[in-house]
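Undergrad: Build the full structure now, drawing on both the sequences and the hints.
Chains as they are written, first to last, in the numbering used here: chain A, 1 to 390; chain B, 1001 to 1390.
These are computed hints drawn from the structure, not numbers from a lab. Bear in mind the structure is a predicted one, so any value in this text is a computation, not a measurement. A couple of the hints might just be wrong.
Said to hold, decoys possible - Residues of chain A clear of chain B, computed beta-carbon distances all greater than 12 Å:
| # | residue |
| --- | --- |
| 1 | 13 |
| 2 | 175 |
| 3 | 185 |
| 4 | 207 |
| 5 | 234 |
| 6 | 290 |
| 7 | 316 |
| 8 | 384 |
Claimed, not checked - Covered by chain A, according to a simulated footprint, are these stretches of chain B (three or more residues, beta-carbon under 8 Å):
| # | stretch |
| --- | --- |
| 9 | 1029–1043 |
| 10 | 1131–1137 |
| 11 | 1225–1238 |
| 12 | 1255–1264 |
Stated by the list, open to error - Not the full set, but computed from the structure, chain B residues with beta-carbon under 7 Å of chain A:
| # | residue |
| --- | --- |
| 13 | 1057 |
| 14 | 1126 |
| 15 | 1245 |
| 16 | 1270 |
| 17 | 1274 |
The beta-carbon is built from N, C-alpha and C at its ideal position, and this holds for glycine as well.
Protein chains: 2
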Amino acid sequence: VTPRADAEALDSADPLAGLRRRFCLPDGVIYLDGNSLGALPDGVEARVAAAIRTEWGSDLIAAWDDDGWWDLPVAVGDRIGALLGAAPGQVVACDSTSVNLYKLLRVAEALRPGRARFVTQHGNFPTDAYLAQHVAGKCLDVVAADDLPGALDTDVAALVLTHVDYRTGAMHDLAALTAAAHHAGAVVLWDLSHSVGAVPLALDAAGADLAVGCSYKYLNGGPGAPAWCYVARRHHDTLAAPLPGWVGHADPFAMEPAYRPAPGVRRLLTGTPGILALRALDTALDAFAGVSLTDLRAKSLALTDLFLRLVDERVGLASPTPHRAADRGSQVSLCHPRAPEVMAALVRRSVIGDVRPPDVLRFGFAPLYVRYVDVWDAVDALAGVVRDVD
Amino acid sequence: VTPRADAEALDSADPLAGLRRRFCLPDGVIYLDGNSLGALPDGVEARVAAAIRTEWGSDLIAAWDDDGWWDLPVAVGDRIGALLGAAPGQVVACDSTSVNLYKLLRVAEALRPGRARFVTQHGNFPTDAYLAQHVAGKCLDVVAADDLPGALDTDVAALVLTHVDYRTGAMHDLAALTAAAHHAGAVVLWDLSHSVGAVPLALDAAGADLAVGCSYKYLNGGPGAPAWCYVARRHHDTLAAPLPGWVGHADPFAMEPAYRPAPGVRRLLTGTPGILALRALDTALDAFAGVSLTDLRAKSLALTDLFLRLVDERVGLASPTPHRAADRGSQVSLCHPRAPEVMAALVRRSVIGDVRPPDVLRFGFAPLYVRYVDVWDAVDALAGVVRDVD
Chain A
1 VTPRADAEAL DSADPLAGLR RRFCLPDGVI YLDGNSLGAL PDGVEARVAA
51 AIRTEWGSDL IAAWDDDGWW DLPVAVGDRI GALLGAAPGQ VVACDSTSVN
101 LYKLLRVAEA LRPGRARFVT QHGNFPTDAY LAQHVAGKCL DVVAADDLPG
151 ALDTDVAALV LTHVDYRTGA MHDLAALTAA AHHAGAVVLW DLSHSVGAVP
201 LALDAAGADL AVGCSYKYLN GGPGAPAWCY VARRHHDTLA APLPGWVGHA
251 DPFAMEPAYR PAPGVRRLLT GTPGILALRA LDTALDAFAG VSLTDLRAKS
301 LALTDLFLRL VDERVGLASP TPHRAADRGS QVSLCHPRAP EVMAALVRRS
351 VIGDVRPPDV LRFGFAPLYV RYVDVWDAVD ALAGVVRDVD
Chain B
1001 VTPRADAEAL DSADPLAGLR RRFCLPDGVI YLDGNSLGAL PDGVEARVAA
1051 AIRTEWGSDL IAAWDDDGWW DLPVAVGDRI GALLGAAPGQ VVACDSTSVN
1101 LYKLLRVAEA LRPGRARFVT QHGNFPTDAY LAQHVAGKCL DVVAADDLPG
1151 ALDTDVAALV LTHVDYRTGA MHDLAALTAA AHHAGAVVLW DLSHSVGAVP
1201 LALDAAGADL AVGCSYKYLN GGPGAPAWCY VARRHHDTLA APLPGWVGHA
1251 DPFAMEPAYR PAPGVRRLLT GTPGILALRA LDTALDAFAG VSLTDLRAKS
1301 LALTDLFLRL VDERVGLASP TPHRAADRGS QVSLCHPRAP EVMAALVRRS
1351 VIGDVRPPDV LRFGFAPLYV RYVDVWDAVD ALAGVVRDVD
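TA: Pasting the structure below:
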């Protein structure tokens, strides 16, 4: 079996190893749940405290202009856009992923007014499924992943998909499915919550239409961090304002009686932006400074490869996660009939993952801060726990 | 004319004077814009820093249960409810006021399915107007304030009003208009953004139906703080889930494919709650500990009375704010044809208010931290500025 020394050697040779120092991680904890809540980046506490003390406390109302509060949704959006392969001016950071899903479902509907149907897949993340159902009603087709291309007929307005499956870690081919949908005349709304920050994305290059995602997983923006929406520039001229609030108005402080949408993605803004959370997220994104997403993806795959190999060698649990690298994101799931019990025992050994019903153990490998020895030690603990439970 | 010594005497005799020490206010600044962004309460910086460092940084994913994150929207909602005259279980803190307006407009629609029309008034806050227009379309009647009772016929589903006018400070009789709407079979959706924390409210006693509001004005929750929604308990059984996201599901972690609404107001939750902002707001509400809203209202009216009197004595600008105490909130507006210029000069003298088009100078008197001498000094500065400008 692979010895721990191999993992140590991989860490020694890892050009990204130093990035872990950009995070505050508790001693002795192996944190493999960054796919659910990213770890705390260094600098966030101080930056948010300063925003509270100086911007809010001293600058008060003037901070909206003087400290750049008003433009934060767009400024932070552009920084996220850089991780999405999106040129500036196509992303805003705001609201929750769920609220943004609602908005872009309505945008999708408005982009294809002559078409009634939405298509999604079985097992999509619940909030995506609920909101697609809410917007499309009886016009929602829920099909198996393999049947998606065949479901794209000329009555389909939009394909609504999560790029990386929250339960299995399986990853769609974003460019290929986007092209297939376009071939059928539909647009695609991608949920990139489990991709952004761990998987290189090239939305502009793929000709993507619409995307949403959260910022508290691999982007490490903090619990319930502001989410984001992307709309490709070619759709801006006809872009619907799906939740027309004052912040998305062309001239908010004119206080006009009727809504006039702001240009471009700003019209996706609705209410007053949450500044403290945007400051936290803005600072969190500094952890990506100078990082190549290609290098990050290579490390992510090396971590998950090592995990899958060690599990095969030492534990022998089945995994619904694709073994082919191109087909998975940055997490690995394992099946165990007593998954909650296994995870509770792992947590007692300071190995933190989570469970999803009915029988899935999830382990996320955030490549900015997870080490190869963490992988080895986690599987070592898992082997012991599974022996004890069985 | 009223001498400054009178204002000093009022401060000396003020039983609420000590509450100002619960805030961090910059030296030498007279802050009369708490109706737009409330001042920073003491303790918020430390509490948010601790939440970042300890809850997020150390407890990581376990904080959702161990640190009460999951219940914060309801816990904070109940604390706001206490300021609304609402029994527990009827308020959640979440999203922005605008998003919550959308949700409760849909709830109102669902509560009165046989009725097509919505009624609101000219000059409502823009976001309220835009969202009412968005939801009701051509079925929105926009009438003058005085014509509201007459507009309530049997086709009206909901009356949608802001309690205290953002521009003039005029305050509606919430109980009387609620009763009038009920008499016509309609429900009322109140926006209490410019009331809560400055005006005693008795939503349950008034038989109110629905209300929303922001938390960054007199509640001092910080820039873009989570907003809130109130739904009277008698409507809970038939309550629509207007933006059905995973956090409003009856069993979120069951990850069920179909939406089942959580009981009561929890179904108004949509996406993952913004924890850092909720922590800030939760701590900010400590500034109300032990404070009688009746006493707070008395001070608010005394402050605005003094301001109106001093302006009459020394400046002579017209005010659209009702002089009768029961008819106004906690702000006073003055008209000047060169309002932006006047306000800029005031700000240079460290007197902070704001302007609203076309000609309105706004001054907010947050009774938790504004002193009588602040009122005197502000009018003194205003008198000088207006002389210089004219």
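Undergrad: Taking the hints in turn, state whether each one holds.
TA: A quick look at each hint next to the structure:
1. 13: For residue 13/A, whose nearest Cβ neighbour in chain B is about 28 Å away, the distance exceeds 12 Å, so it holds.
2. 175: Holds, because the least Cβ-Cβ distance between residue 175/A and chain B comes to about 28 Å, which exceeds 12 Å.
3. 185: holds, 28 Å
4. 207: At about 28 Å from chain B, residue 207/A clears the 12 Å cut-off, so the statement holds.
5. 234: holds, 25 Å
6. 290: holds, 23 Å
7. 316: holds, 26 Å
8. 384: At roughly 21 Å from the nearest Cβ of chain B, residue 384/A sits farther out than 12 Å, so the non-interface label holds.
9. 1029–1043: holds (count 7)
10. 1131–1137: holds (count 3)
11. 1225–1238: holds (count 3)
12. 1255–1264: Three-residue rule met by the stretch 1255–1264 of chain B, so holds; n is 5.
13. 1057: holds, 4 Å
14. 1126: holds, 5 Å
15. 1245: The hint holds - residue 1245/B has a Cβ within 7 Å of chain A, the shortest such distance being about 3 Å.
16. 1270: holds, 5 Å
17. 1274: Because about 4 Å separates residue 1274/B from the closest Cβ in chain A, which is inside the 7 Å limit, the hint holds.
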